[in-house]
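Same order as they appear, the protein sequences are chains A and B. The working numbering runs 757 ahead of the 1-based position in the first sequence. The working numbering runs 16 ahead of the 1-based position in the second sequence.
Just so you know, not all the hints are guaranteed correct.
[Said to hold, decoys possible] Straight-line C-alpha distance at most 25 Å; calculated DMTMM-like pairs for lysine to aspartate or glutamate:
hint: 1; chain 1: B; residue 1: Lys-81; chain 2: A; residue 2: Glu-860
hint: 2; chain 1: B; residue 1: Lys-81; chain 2: A; residue 2: Glu-771
hint: 3; chain 1: B; residue 1: Lys-359; chain 2: A; residue 2: Glu-811
[Claimed, not checked] Restraint ranges, calculated between C-beta atoms of paired labels, are given here:
hint: 4; chain 1: B; residue 1: Gly-256; chain 2: A; residue 2: Thr-831; range: 43 to 49 Å
hint: 5; chain 1: A; residue 1: Gln-773; chain 2: B; residue 2: Pro-78; range: 33 to 39 Å
hint: 6; chain 1: A; residue 1: Thr-762; chain 2: B; residue 2: Arg-371; range: 25 to 31 Å
hint: 7; chain 1: B; residue 1: Ser-251; chain 2: A; residue 2: Glu-804; range: 32 to 38 Å
hint: 8; chain 1: B; residue 1: Glu-379; chain 2: A; residue 2: Gly-791; range: 33 to 39 Å
FYI, nobody ran anything at the bench for these hints, they're computed from the structure. C-beta: ideal position from N, C-alpha, C; glycine also.
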Amino acid sequence: MAVVTVGNEDDVQEGQPFRVEVEGTPIAIFLAQGELYAIGDTCTHEEFSLADGEMVDDYTVECALHGARFDIRTGRALSLPATGTAGSYPVWVEDGVIKVEVEE
Amino acid sequence: MAEAQASRPPVVVVGGGIAGASAAETLRREGFDGRIVVVGDERALPYERPPLSKEFLLGAIPEAKVFLRAAEEYGAQDIELRTGTRATRLDVAQRRVELAGGESIAYDRLLLATGSEPVRLHVPGADLPGIRYLRTLDDARALAAEIASARASGGRVVVVGAGFIGAEVAADCRMLGLDVTLIEALPVPMLRALGAEMGGVFAELHRAHGVDLRLGEGVAAFRGAGRVEEVVTTSGARLGCAFAVVGVGVRPATEWLRDAGLTLENGVVVDCFCATTAPGVFAAGDVARWPYMMADATEPEMVRLEHWDNALRQAEVAARNMLGQQTPFAPTPYFWSDQYDWKAQYVGYARTWERVVVRGRPEDGAFIAFYLTGGRICAALAVNHVRELVPLKKLIGAALDPARLADAGEDLRGLSRQR
């Protein structure tokens, strides 16, 4: 496991995810209802950044390219055309910075 | 109660495309635990149609990648998929769908998702071998084989119709090294969707890539000995070809519904909940004609869209409403088209507009065109701006100063938050 600092607490706002790369893995960080969530940033349908997608409700991001939806709490695909999970990562704030834990 | 549930007829979905698959999966995701039967006339499992005229023809993806899921994944969701099964008649009084071969199945609720089918040309020689249409996976396989053989022999293709399918196929064939003649009856490609100005931009794109683009031209006849060898145009030009592709539009697949008693007007007319006038019968996707309400508009407009994204979303809403919800279908329409290195994305809907405001320069290969009516943005066409689709969607319906829209220095995300 590797714990990596990916930004400052105020880098992420509700409804405006941001993308980071951790150990070569793109990860999208979300703030929803005051909680942070981190899922794999790459849509599992076709390669596109979910951080460029649209929050269609509190916990659902829709890929801008072809409309696949994912649960930002689990990374689970919620609609076609995606069928695979985007994966999720532990994320938290520590001393004002955002930390993400990934497998090495 | 459980017994009553068990004896109830299934929810039947007619159509095995993206709308049908999306509806079936949504029913399950929403907790419906009764039987779901999906009837599709194609033999193939549900697949994605958009790549057929793009990555698939280019050979950029393996065929396996077009399928939405493996067969066993439908079984795992307890969705009964009946491929290769054509519905031939609907009886709304008896609540039954008749299938080719004489079988009929009862439904509790029914989704019509039969999509659309290509308009066929009826000119002399139109039934010669080597004249291809592109709608299904089988069509795409046959077209890919024609392309491969023309590449080997150095032949030319004549593409008839410069709508999205024709323009994409022409681009694919050019990228694969074929000589391409693209003929279009209207003054520019994709005129109805994009208008004269942006259609003209795409005309230049195709010419710059070496397409022999002939506008204001139709087909008078196909000629050949046992196979198409020549396309004769309405102006009398004779264009030799190894094969021809026809893309002159689609019509809703409603023939099987002709005596069902539904309201059919260029598609199955539905209300904002995707419901037809018959009890328990809904429609979604290319086959449905529905009331579109632009953001901030006051009057809906009846539309029928032939886009993948629309089929996916409308089927989800229809499925929820089939389970008793009352969710209005109120999307921001979206479609995309890949031609050469241009990734075009279009959001909103506009049949007419008052002016087009362009941000960036088409000659630079990245720009956005805003279609304005009454001071509001009714649609936008973005080329090679894929990361800005979300703010663009949010701008549909907004009234913003055209000078600011045209100013590439103005951040679109910032503008979209101001509306």
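Hints and how they fare:
1. B:Lys-81 - A:Glu-860: 28 Å, violated
2. B:Lys-81 - A:Glu-771: 35 Å, violated
3. B:Lys-359 - A:Glu-811: 19 Å, holds
4. B:Gly-256 - A:Thr-831: 43 to 49 Å: Since Gly-256 (chain B) and Thr-831 (chain A) have Cβ atoms about 58 Å apart, the given range 43 to 49 Å is violated.
5. A:Gln-773 - B:Pro-78: 33 to 39 Å: 36 Å, holds
6. A:Thr-762 - B:Arg-371: 25 to 31 Å: 49 Å, violated
7. B:Ser-251 - A:Glu-804: 32 to 38 Å: 45 Å, violated
8. B:Glu-379 - A:Gly-791: 33 to 39 Å: Once the Cβ atoms are compared, 47 Å apart, the range 33 to 39 Å for Gly-791 (chain A) and Glu-379 (chain B) is violated.
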